[in-house]
Amino acid sequence: DAGITQSPRHKVTETGTPVTLRCHQTENHRYMYWYRQDPGHGLRLIHYSYGVKDTDKGEVSDGYSVSRSKTEDFLLTLESATSSQTSVYFCAISELLAGVYTQYFGPGTRLTVL
Amino acid sequence: DQQVKQNSPSLSVQEGRISILNCDYTNSMFDYFLWYKKYPAEGPTFLISISSIKDKNEDGRFTVFLNKSAKHLSLHIVPSQPGDSAVYFCAASLTQGGSEKLVFGKGTKLTVNP
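Here the protein sequences line up with chains A and B, keeping their order.
Quick note: the first sequence uses our numbering, first residue 20, plus one each step.
Quick note: the second sequence uses our numbering, first residue 224, plus one each step.
Everything labelled a hint here was simulated from the structure, so no lab data went into it.
Just so you know, these numbers come straight off a predicted model, no measurement behind them.
Do not take every clue at face value.
As the list claims (entries may be wrong) - The calculated lysine-lysine pairs, modelled on BS3-like cross-linking and capped at a C-alpha distance of 30 Å, are:
id: 1; chain 1: B; residue 1: K277; chain 2: A; residue 2: K30
id: 2; chain 1: B; residue 1: K291; chain 2: B; residue 2: K329
id: 3; chain 1: A; residue 1: K30; chain 2: B; residue 2: K260
id: 4; chain 1: A; residue 1: K72; chain 2: B; residue 2: K228
id: 5; chain 1: A; residue 1: K89; chain 2: A; residue 2: K72
id: 6; chain 1: B; residue 1: K329; chain 2: B; residue 2: K228
id: 7; chain 1: B; residue 1: K324; chain 2: A; residue 2: K89
id: 8; chain 1: B; residue 1: K260; chain 2: A; residue 2: K76
As the list claims (entries may be wrong) - Derived list of chain A stretches under chain B, where covered just means 3 residues or more per stretch with a C-beta under 8 Å from a C-beta of chain B:
id: 9; region: 32-45
id: 10; region: 93-105
Using N, Cα and C, we set each Cβ at its ideal position, and we do this for glycine too.
Using the sequences and the hints given, assemble the complete structure.
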């Protein structure tokens with residue numbers, strides 16, 4: 020499972036409240052990613068990190084921010100949650116496997132914004 | 224603009240027969256292609272990958288074929304088993320500016336009937 024944990028696994032919150040999701044990895048991977056999965060959309064990249072304090076935007080970054088102060092933790096923050104951010108959020112790491120950078124995913128966090 | 228397309232939202236096959244899942248892409252700069260399987264309430268799991276310089280890669284019951292001229296790849300599962308029932312995502316890898324990112328299709332739900 021590439022040593023990836025996500026917390027919380029489930030969260031229900033109200034519109035306008037801040038929410039932080041945590042991704043933790045134990046194998047010192049440099050690259051980490053946050054995705055959201057929605058019906059009819061597959062997996063869409065929110066933000067990614069290529070090292071401590073090095074992050075960049077993905078295709079659906081509006082309304083989200085990230086931080087990576089330690090190699091093992093990658094935090095995703097919704098500053099003011101909206102109902103459109105109800106989704107399942109997956110964290111991933113990238114590992115070189117037989118010459119291919121392969122991403123491995125955490126178990127996911129189901130977020131409901133009421 | 225969807226760069227990776229899985230045009231069949233669902234596929235149903237009989238146990239023991241072949242399952243063929245298809246994927247089309249538009250960006251000729253993709254350097255690898257990967258297939259992931261996802262069960263409900265779990266994170267996607269990596270299945271198999273193929274480099275853009277190859278046309279076939281095989282791993283047990285799973286074979287991926289790549290047709291670069293047609294910008295098309297397919298995943299063959301032979302023989303199909305009920306435990307293969309899941310959503311399958313096609314993903315394409317793009318390396319830009321030293322960062323590696325995946326672009327996912329919307330997924331195909333495979334049902335293998337006993």
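The hints, checked one at a time:
no.: 1; hint: B:K277 / A:K30; result: violated, 43 Å
no.: 2; hint: B:K291 / B:K329; result: holds, 21 Å
no.: 3; hint: A:K30 / B:K260; result: holds, 25 Å
no.: 4; hint: A:K72 / B:K228; result: violated, 33 Å
no.: 5; hint: A:K89 / A:K72; result: holds, 8 Å
no.: 6; hint: B:K329 / B:K228; result: holds, 7 Å
no.: 7; hint: B:K324 / A:K89; result: holds, 21 Å
no.: 8; hint: B:K260 / A:K76; result: holds, 25 Å
no.: 9; hint: 32-45; result: violated (count 0)
no.: 10; hint: 93-105; result: violated (count 0)
Violated hints, in rising order: 1, 4, 9 and 10; the structure is consistent with all others.
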